[in-house]
Amino acid sequence: MEKFITHIDSAVPLEIENIDTDQIIPARFLKATDKKGFGENVFRDWRFDSNGYPNEDFILNDTAFNGSILVAGNNFGCGSSREHAAWALKAYGFKVVVSSYFADIFKENALNNGLLPVLISPGFLEKIFKAILKDPSEKIKVDLQNQKIEILRSGENEDFEIDSYKKTCLINGYDDIDYLLSKKEAIKQFEEK
Amino acid sequence: MKKTLFDKIWDAHVVESIPNGPDILYIDKHLIHEVTSPQAFNELKERDIPVFRPKQIMATADHNTPTQDQHLPIKDLLSRKQLEELSQNCKENNITLYGLGHPYNGIVHVMAPELGITQPGMTIVCGDSHTSTHGAFGSIAFGIGTSQVAQVFASQCLLVEKPKKLRVNVNGTLRSGVHPKDVILYIISQLGTNSGTGYFCEYAGNVFEEMSMEGRMTVCNMSIEMGARGGLIAPDETTFAYVEDREFAPKGEDLEKMRSYWETLKTDTDATFDKEYSFDAEDIEPMITYGTNPGMGIKISGSIPLNGGKSAEKALEYMGFNAGDSLIDKPVNFIFIGSCTNARIEDFRAAAEYIKGKQKAGNVNALIVPGSQQVASQIKAEGLNLIFEAAGFTIRQPGCSACLAMNDDKIPAGEYCVSTSNRNFEGRQGQGARTILASPLTAAATAIAGKLTDYTQYY
Ligand code: SF4
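Just so you know, the sequences run in chain order A and B.
Quick note on this note's numbering: the first sequence kicks off at 1 and runs consecutively.
Quick note on this note's numbering: the second sequence kicks off at 1 and runs consecutively.
In case anyone wonders, no lab produced these hints; they're calculated from the structure.
Incorrect hints may have been included.
[Said to hold, decoys possible] Computed Cβ-Cβ distance ranges for the label pairs, DEER-style:
#1 A:Glu192 <-> B:Lys251: 45 to 55 Å
#2 A:Glu185 <-> B:Gln56: 14 to 24 Å
#3 A:Gln147 <-> B:Lys310: 57 to 67 Å
#4 B:Ala323 <-> A:Glu156: 30 to 40 Å
[Said to hold, decoys possible] Straight-line Cα separation of at most 16 Å, EDC-like style, residue types lysine to aspartate or glutamate; simulated pairs:
#5 A:Lys31 <-> B:Glu84
#6 B:Lys266 <-> B:Glu209
#7 B:Lys310 <-> A:Glu15
#8 A:Lys183 <-> B:Asp23
#9 B:Lys314 <-> A:Asp45
#10 A:Lys166 <-> B:Glu161
#11 A:Lys167 <-> A:Asp143
#12 A:Lys139 <-> A:Glu150
#13 A:Lys36 <-> B:Glu43
#14 A:Lys166 <-> A:Asp143
#15 A:Lys90 <-> A:Glu40
#16 B:Lys299 <-> B:Asp270
#17 A:Lys188 <-> B:Asp28
#18 A:Lys35 <-> B:Glu161
#19 B:Lys299 <-> B:Asp325
#20 A:Lys31 <-> B:Glu85
#21 A:Lys31 <-> B:Asp408
#22 A:Lys193 <-> B:Asp280
Every residue, glycine too, gets a C-beta built ideally from N, C-alpha and C.
With the sequences and hints as input, model every part of the structure.
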């Protein structure tokens, strides 16, 4: 996994609440047996109409907004356990997802793929939305080491929580398998009990 | 210290706790299927890591399998490849697979309990969020992502933080005709779709104690729809009677030993929960959803709430409904009785009992999809197939089917479908499809009337 330390970029404001994994990647795209190609189909049914033409009203099709930080409405990633949702967001180019609530499994899946879910207060989420909508070139800084997210120009910021184990993994680019394999003996002993 | 049922099982499975970090949780049973496992197998292969405990893994094919002509080669090439890869991976790693056509094949959350693979006190995971279903047996069961599937392959363990504890109590007498599906849809409509995030939920109270195992599975299945990682119900005589004699259940002396352990699996009096809710059974009526998440539910006799805010507006626009509408008599052209929520024998018995001697309305396409091969055989053994066929319903072969529309079983854009599944997300049953979640009885009654009907008025 690549290492994650500090990330500064412009952001895409997706002001919709309760975005479920079926919207992030519809089930009909889950037939692949590798992790490639999911980026093309992220938010497929919102990005394209039924004839395959881009839906101009959808924010990801608005060229004014770009960047690798997705800012989404409350309760992001609810629904299924499909990790394809995290792969699709990552493959599309996102490195950070910001919201005021994340579904549990989505959060874990994202962390396991080096996509950082940043949980902030509803108030700060509002502020970020406002700032980006006012000026799409506004940059957001995500500092994992200091667990701080900042609207660069105004300097407004908020701390965010992250499990310290997960933080270490992200900063060092380790994953859970490496860790668990190092615990094989303890696991075997447990089995004998 | 006083412990909850959840604490007892969790604590018994902790190999080690990382200071300021997650626990290493030992997993007793790992269930896999074709959609979320291939990338995990690849990951292991690439890193040259063997599967650690293949005997504790069981595989089935369910998500994108066709529900017709299962004996023929699968037409959809991508689906076929996924199934072939599953067979290949299972063979290479000595994992038991109950693939398409096997008498034990079925939706993972229907067939595993049926075979006695699911037992009280276990930790069970699967790359599918509705793994919560297995909590009905008093086990800790939850869905995981593909990276975690790979972790369990590699170590039979997971790194997870212990969730907080939630209890939902329902006491009193359920009104006649109220199905376990109505109970859980009611709870979710009251609590919302993220009330359970970060929690594991125990269901307690006489309503669950008196429920059959099928009913308990329906309830626990939808725990994830209120955001909870899983749900569980203390095992009791009903649980033991269901598990005993099943293919993979312990037998003889082993069973006696296990039983005395299983009997200790209940929440101590005075144990505390982080959050607790209580409901009266008398308040629960048949439920339907009107929106695009399972929390948007109302009593079938009720009307769509006013002032739902921006996300409700978006949902109502998708569904073609208006705030304040009653949905009674709304014409519906599709019904689906199936999925890991409601495709067990009891669900089909309840539907058949209502349908017997009646005919489906001319406008309705009524699809019956058993949850497993065993349920399909039982339907035949009890002659329920004759009732469904005489009423004009279509019976298919087992699988997830129109629950997530990965195969050909899709609901056309713009059409309403009264579905016994668990998710009414936009496009879940096909692009543009409009899903109304309900119990098998409401689905059956809708099929007969050709429109949404409150069947309790005939009770
Ligand atoms: S029936 Fe539906 S919810 Fe259940 S496992 Fe299959 S796709 Fe998932």
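| task | Please write out, lowest number first, the hints stated earlier that are contradicted by the structure. | result | 1, 3, 16, 18 and 22
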